[in-house]
Amino acid sequence: MIDYLKDFRIGIFIAIIAITTIILGAITDKVLRYFLYRKQANKDYDATGFKFLKHLIITVIYILGFAFALIQIPEFKIIGHSVLAGAGMISLVAGLASQQALSNIVSGIFLVIFKPFRINDKITINNFVGTVEDINLRQVVLKDAENNRIIIPNAVISNQIIVNTNMHDTKCCKIIEIGIGYDSDVEKALEIMKDEIAKHPLFIDTRTAETKKQKMPLVVARVVALADSSVTLKAWAWAKNSTEGFVMYCDLLQSIKKRFDEANIDIPYPQRVVTLKKDKTSAEESAK
Numbered sequence: 002m003i004d005y006l007k008d009f010r011i012g013i014f015i016a017i018i019a020i021t022t023i024i025l026g027a028i029t030d031k032v033l034r035y036f037l038y039r040k041q042a043n044k045d046y047d048a049t050g051f052k053f054l055k056h057l058i059i060t061v062i063y064i065l066g067f068a069f070a071l072i073q074i075p076e077f078k079i080i081g082h083s084v085l086a087g088a089g090m091i092s093l094v095a096g097l098a099s100q101q102a103l104s105n106i107v108s109g110i111f112l113v114i115f116k117p118f119r120i121n122d123k124i125t126i127n128n129f130v131g132t133v134e135d136i137n138l139r140q141v142v143l144k145d146a147e148n149n150r151i152i153i154p155n156a157v158i159s160n161q162i163i164v165n166t167n168m169h170d171t172k173c174c175k176i177i178e179i180g181i182g183y184d185s186d187v188e189k190a191l192e193i194m195k196d197e198i199a200k201h202p203l204f205i206d207t208r209t210a211e212t213k214k215q216k217m218p219l220v221v222a223r224v225v226a227l228a229d230s231s232v233t234l235k236a237w238a239w240a241k242n243s244t245e246g247f248v249m250y251c252d253l254l255q256s257i258k259k260r261f262d263e264a265n266i267d268i269p270y271p272q273r274v275v276t277l278k279k280d281k282t283s284a285e286e287s288a289k
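Using my numbering, the first residue of the sequence shown is number 2, and each one after it goes up by one.
Any given hint might turn out to be false.
The calculated EDC-like cross-link candidates involving lysine to aspartate or glutamate, where the alpha carbons are at most 20 angstroms apart (straight line), are [what the hints assert, rightly or not]:
| # | residue 1 | residue 2 |
| --- | --- | --- |
| 1 | Lys235 | Glu211 |
| 2 | Lys116 | Asp170 |
| 3 | Lys241 | Asp186 |
| 4 | Lys200 | Asp170 |
| 5 | Lys235 | Asp186 |
| 6 | Lys241 | Glu188 |
| 7 | Lys195 | Asp262 |
| 8 | Lys258 | Asp170 |
No lab work stands behind these hints: they were computed from the structure.
Please put together the full structure from these sequences, using the hints given.
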C-alpha cells in the first residue's frame, strides 16, 4: 500500500512538473513575442539575436523540466544502466544524432554572433533565394518569392557561400543589356535607354556631390560588344533595394522595347550566314 502511495505521489509530482513546464514555456513565448512585437515598431531594431535568445530560453525551460521530472524517479539510474548495457548500436546512433544537433546549435550561435545575415535580410544560399524569417537553435527559415518556407540546418549554412543583398548597403544595381541591329541608330538607342531609366519612379540617383561636379551623367549607358548579329548596349539602373530593382528591371525592358519599336530600332534574331559549296562533278554536269 505504501509503495502504491509512493508511486502515486511520484506520478503526481511528474504531472505537476510537466504541466508547469508547458505553462511556463507558453507564458515565456507569449511574453517574448509581445516584447518583440513592440520592438519591431522601430525599423532600426535588429530582431536576429532576440529571436535566437527566445528559442534558447524556451529550450532550456523544457530541458530543466524534463530533468526535474527524471529526478523524481528513484529507479531511473538502475533503468538507465540496464538500457545502456544492451544498447550499443542505439548509443552510437544517439551519439551521432547529438553530434549533429550540437553542430547546428554551435553554428547557430556563430551566425548570431558574426551576423553574416539578419532577420529580414534577402540572401542566396545553395541557389535558394529568400528573406530570412527566423534563426533558431537548429535551422534558418527563408521565405521565397512564392511564399514557400525553405528550411536550412545551421551546420549546412556555416559551410556555404552566402550572398546577402542587404548587408551594409541595400541599394541594387540592375544591368539592362539589349542587342540592336547593325543598321540601327546606336546613339539614339543609347539616349532612349538613358531617358527611360532616368524617368522611372523607382530609379535613384547614386551620384555624390563630387561626381556631380565632375559632370558624371545621371545614367550610364555604353556599347559593350559587337556581337555576331547585333550591337550590344548596356545601361546601369540603380534602385533602393533588390525588390524594387526587380520591378524596375521588368518595367524598363517593356518600356525600352516599346520606344525602340517607335524609333524603328531593330532588336534582331540571331543570324548565321551559310555558304553551300557545290561538288565539282555536279557543277560540270550542270554546265553540260
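Given the hinted pair Lys241 and Glu188, is their Cα-Cα distance within 20 angstroms?
violated, 28 angstroms
Does Lys258 pair with Asp170 here, judged by a C-alpha cut-off of 20 angstroms?
violated, 31 angstroms
For the pair we were handed, Lys235 and Glu211, check the Cα-Cα distance against 20 angstroms.
At roughly 24 angstroms apart (the allowed maximum being 20 angstroms), Glu211 and Lys235 break the hint.
Given hint Asp186 paired with Lys241 - CA-CA distance at most 20 angstroms
violated, 32 angstroms
Given the proposed pairing of Lys116 with Asp170, does the C-alpha separation stay at or below 20 angstroms?
Distance ~15 angstroms between Lys116 and Asp170 Cα, so the pair holds.
Given the hint that Lys235 pairs with Asp186, test it: the Cα-Cα distance must not exceed 20 angstroms.
holds, 15 angstroms
Satisfaction of hint between Asp170 and Lys200, Cα-Cα up to 20 angstroms:
Violated, at roughly 23 angstroms.
Decide if the proposed pair is consistent with the structure: Lys195 and Asp262, CA atoms, cutoff 20 angstroms inclusive.
holds, 16 angstroms
The structure shown violates the earlier hints numbered 1, 3, 4, 6 and 8.
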